[in-house]
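Colleague: Kindly produce the complete structure, drawing on both the sequences and the hints.
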Amino acid sequence: MNKIKTIEQALDYIKDGMTIAVGGFLAVGTPDKLIDAVIAKGVKDITLICNDSGFPDRGVGKWVVNKNVKRVIVSHIGTNPETGRQMNEKELEVELVPQGTLAERVRAAGAGLGGILTPTGIGTVVEEGKQKLNVDGKEYLLELPLKADVALIKGSIVDKKGNIYYSKATRNFNPIMATSADVVIVEAEKLVEVGEIDPTDVMTPSIFVDVIVQ
Amino acid sequence: MNKIKTIEQALDYIKDGMTIAVGGFLAVGTPDKLIDAVIAKGVKDITLICNDSGFPDRGVGKWVVNKNVKRVIVSHIGTNPETGRQMNEKELEVELVPQGTLAERVRAAGAGLGGILTPTGIGTVVEEGKQKLNVDGKEYLLELPLKADVALIKGSIVDKKGNIYYSKATRNFNPIMATSADVVIVEAEKLVEVGEIDPTDVMTPSIFVDVIVQ
Amino acid sequence: MIQDKDRKREVIVKRIANELKDGELVNLGIGMPTLVANYIPEGIDILLHSENGFVGLGPSPKLGEEDKDIVNAGSQPATHVEGAAFFDSAMSFTIIRGGHLDVTVLGALQVDQEGNLANWMIPGKMVPGMGGAMDLVVGAKKVIVAMEHTAKGETKILKKCSLPLTAAGQVDMIVTEMGVMKVTPKGLVLTELAPETTVEEVIAATEAELIIPEDLIPMNV
Amino acid sequence: MIQDKDRKREVIVKRIANELKDGELVNLGIGMPTLVANYIPEGIDILLHSENGFVGLGPSPKLGEEDKDIVNAGSQPATHVEGAAFFDSAMSFTIIRGGHLDVTVLGALQVDQEGNLANWMIPGKMVPGMGGAMDLVVGAKKVIVAMEHTAKGETKILKKCSLPLTAAGQVDMIVTEMGVMKVTPKGLVLTELAPETTVEEVIAATEAELIIPEDLIPMNV
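Residue numbers (the numbering used here), protein chains in the order written: chain A, 37 to 250; chain B, 37 to 250; chain C, 24 to 244; chain D, 24 to 244.
Be a bit skeptical, because a hint or two may be false.
[What the hints assert, rightly or not] Computed far set for chain A versus chain D, every beta-carbon distance over 10 angstroms:
(1) Lys39
(2) Ile43
(3) Glu44
(4) Asp48
(5) Tyr49
(6) Ile50
(7) Leu62
(8) Ile75
(9) Lys77
(10) Asp88
(11) Glu129
(12) Gly136
(13) Glu140
(14) Arg143
(15) Lys183
(16) Asp218
[Claimed, not checked] Simulated pairs of lysine-lysine, DSS-like, Cα-Cα distance not exceeding 30 angstroms:
(17) Lys182(C) with Lys168(B)
(18) Lys166(A) with Lys91(D)
(19) Lys103(B) with Lys183(B)
(20) Lys106(B) with Lys77(B)
(21) Lys103(B) with Lys41(B)
(22) Lys91(C) with Lys196(A)
(23) Lys39(B) with Lys44(D)
(24) Lys51(A) with Lys103(A)
(25) Lys164(D) with Lys166(A)
(26) Lys168(B) with Lys174(A)
(27) Lys77(A) with Lys205(D)
(28) Lys166(A) with Lys182(D)
(29) Lys196(B) with Lys168(B)
(30) Lys164(D) with Lys168(A)
(31) Lys196(B) with Lys174(B)
(32) Lys51(B) with Lys165(D)
(33) Lys41(B) with Lys91(C)
(34) Lys51(B) with Lys44(D)
(35) Lys183(A) with Lys166(B)
(36) Lys183(D) with Lys183(B)
(37) Lys183(C) with Lys31(C)
(38) Lys205(D) with Lys164(D)
(39) Lys126(A) with Lys77(A)
(40) Lys183(B) with Lys166(B)
The hints are simulated quantities; they were obtained by calculation from the structure and are not laboratory data. All C-beta atoms, glycine included, are put in the ideal place defined by N, C-alpha and C.
Modeller: Structure, rendered in structure tokens:
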């Protein structure tokens, strides 16, 4: 099973209208080459799951500027004024999710959970339309899994089998997104032979990874 | 803040009747010195949260043999016949929890979640007394958090601030248990200076750890 | 009908080994399922999952070469293959429950024609606990039961399990020394017949209603 | 009443710095809260949490010494202290939501006497999103609001917030350039009075009902 592909081959997995989960936090730990390739291919109507909508010229923010997305599910759009503008003009749907809830919803999808109960959002607009449950006298929101068709991940060190190591603060949402999608494509900053990453230090096991690009 | 204590000092945190979460999987990755010290102190009526009840002469199984526990919440007791005998004689309460559900319940306690929805146990005795929720046409059990008073953890490499690295298969339940208790005591196989564990390789951040013993 | 105990086992685990596909992630339960690893066909590269926290379980270590930090889910000394990855129990069951495990192979006390499985306790007798079995059976993409067709002369393949269930309706395939059975919406189908075995013998040893298809073939061993 | 903008900030962040205790884990929000780090008293060793995935956030790096893989939650180049630990976003919010964070310091658009906080959107105008704020405010053991008492002459401390809430009833303490207020079951109590400020000035600049205790003391700056 050779998972190493060209970026062009990897793009075959990405179709108009798909839900795509992208790793990274304000464009740090984001797979930039894959982001650019999706723009070059002109993919349309993406539903984006990401921590934030990046910057107009960095990270997934470029997709917003280039109109590749029809909907974003993120915790923050403040660093990309174009997201706010398109939202106000009704050109783009924006679902704002508290960051910790976002992490748990994506993780739940990856872990086969039907949802999680969080106190976050109680008493705010976040609770609108959601089921509330009382556990031990405390109120919680039932938050549902967020599954993706494809996840685009950035790995600092990736071996040829697909094991991933994330350096320092580039980890953020990457390992969670990698569990949540039918197809996982990792952009390797450094590609190494199998065995070069100590098995104890692997952060995303190879079994989650379908495609490796460089 | 000096977290390094003698085992005797660490035992001050452990009282009769407490709920104690212990890392390890069939006695691998279990803090053996702490296990023995609890027996020597003669702590009584412990509610034990652990993957399993170990072996009669290894791991938390010794607590069962020595009658330190009044109740165990575990996924497996098959390797410790004494657990089964005490259960049948009604000397010991045994709550059997599916292993994945156990991991999620302990994690939920550590992560401030009110519970999680799992498909595991549907159609079995595990669902008795539990709320069932239907999400997207599929049935799930609502499983509640399992919080502990004290967690006893085994770390392969621990720095003096309390950052922990677990070698190979010794990790298992240790990092999850470390999030779930009011007081976390780690038994260090190897104690190193702060800075000797690469911050990217830390598996349990120091902030979870209250006491370090050797 | 195969009578020899070792030959029974060999037929069962060999057939299951032939079911595995290149690149699959597989969890082998304690006991007979473990033996499947010895029969993986050449050219088929599978990765073994160990509930206690890794993928890439290797063969047993040589005496004297054990690493105390590497054990399998049964706490036996183990090794890992190149490209393995260790993780915590939450990730281990994220893999299992989240649908990332291709195949789980486990033993059974009873299975029935609706795909129900009982393998974790006998009330009043043996209560080892479910361990990871309930998650494995619910989460794995394919659930294969590996067992002898009968125990002490009694069938283990029933119309309806009488023991407490491990999971309801999750079994895909049952492999015994008498043949291969698949759980389908229409019922339990005998798809393959073991060597030296007749359909009549299988039916006689089975309480469940067995559908015998026209394209019944010899067991792939 | 302090008029100078810089002096206002200094009083606010200095007072909050004095609130922190040795060994605490603290999250400082973007903007003014960040400045608290510059005023931690000697002998007090705190650890800073960064939502994007680590504990042990250090000071900004020198020009030319940036590490592209280390940024703070605002995506600015950052450093880590010795003994830091990096992790993923699920762990980052396990720490926050699970009650492992001792203190969170954040700005506000509005706060009210019930401890409600609004700091993430103004309908029809600015909608940056809540980021990690909702989790921080629900999860942290102590929630400290750091802000100027008024904005464009209007009070920011109300009987009831009119903007969409970040969280209901979670604020413990409000620190402004006029004083320190604590949310108690009895209502909002002015516990400390800022330098050069009178009680009458605070009351005039506050819509919320302020309880003025007999043991009102000068602000600890």
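Colleague: Each hint should be assessed against the structure and marked as holding or not.
Modeller: Status of the hints after comparison with the structure:
1. Lys39: holds, 22 angstroms
2. Ile43: Consistent with the label, Ile43(A) stays out of reach of chain D, its closest Cβ about 21 angstroms off (over 10 angstroms).
3. Glu44: Since the minimum Cβ distance to chain D is about 27 angstroms, Glu44(A) lies beyond 10 angstroms and the statement holds.
4. Asp48: holds, 29 angstroms
5. Tyr49: holds, 24 angstroms
6. Ile50: The assertion about Ile50(A) holds, with a minimum of 23 angstroms to chain D.
7. Leu62: violated, 4 angstroms
8. Ile75: Label holds. Min Cβ-Cβ 21 angstroms, cutoff 10 angstroms.
9. Lys77: holds, 27 angstroms
10. Asp88: violated, 8 angstroms
11. Glu129: holds, 13 angstroms
12. Gly136: Contrary to the label, Gly136(A) does not stay out of reach of chain D, its closest Cβ about 3 angstroms off (not over 10 angstroms).
13. Glu140: Non-interface label fails for Glu140(A): nearest chain D Cβ at 7 angstroms, not farther than 10 angstroms.
14. Arg143: violated, 5 angstroms
15. Lys183: holds, 16 angstroms
16. Asp218: At roughly 20 angstroms from the nearest Cβ of chain D, Asp218(A) sits farther out than 10 angstroms, so the non-interface label holds.
17. Lys182(C) with Lys168(B): holds, 27 angstroms
18. Lys166(A) with Lys91(D): violated, 39 angstroms
19. Lys103(B) with Lys183(B): holds, 22 angstroms
20. Lys106(B) with Lys77(B): Satisfied, since the Cα-Cα distance of roughly 16 angstroms is no more than 30 angstroms.
21. Lys103(B) with Lys41(B): holds, 26 angstroms
22. Lys91(C) with Lys196(A): It holds: about 28 angstroms lies between the C-alpha atoms, which stays within 30 angstroms.
23. Lys39(B) with Lys44(D): holds, 16 angstroms
24. Lys51(A) with Lys103(A): holds, 15 angstroms
25. Lys164(D) with Lys166(A): Distance ~26 angstroms between Lys164(D) and Lys166(A) Cα, so the pair holds.
26. Lys168(B) with Lys174(A): holds, 19 angstroms
27. Lys77(A) with Lys205(D): Roughly 56 angstroms between the alpha carbons, so the hint for Lys77(A) and Lys205(D) is violated.
28. Lys166(A) with Lys182(D): holds, 28 angstroms
29. Lys196(B) with Lys168(B): With a Cα-Cα distance of about 45 angstroms, the restraint between Lys196(B) and Lys168(B) is violated, given a limit of 30 angstroms.
30. Lys164(D) with Lys168(A): Since the Cα atoms of Lys164(D) and Lys168(A) sit roughly 23 angstroms apart, the hinted pair holds (cutoff 30 angstroms).
31. Lys196(B) with Lys174(B): With a Cα-Cα distance of about 47 angstroms, the restraint between Lys196(B) and Lys174(B) is violated, given a limit of 30 angstroms.
32. Lys51(B) with Lys165(D): Answer holds: Lys51(B) to Lys165(D) is near 28 angstroms, not above 30 angstroms.
33. Lys41(B) with Lys91(C): holds, 26 angstroms
34. Lys51(B) with Lys44(D): Holds. Lys51(B) to Lys44(D) sits at ~27 angstroms (cutoff 30 angstroms).
35. Lys183(A) with Lys166(B): holds, 26 angstroms
36. Lys183(D) with Lys183(B): Violated, at roughly 35 angstroms.
37. Lys183(C) with Lys31(C): holds, 25 angstroms
38. Lys205(D) with Lys164(D): Measuring from Cα to Cα gives roughly 14 angstroms; hence the hint holds.
39. Lys126(A) with Lys77(A): Holds, at roughly 24 angstroms.
40. Lys183(B) with Lys166(B): holds, 18 angstroms
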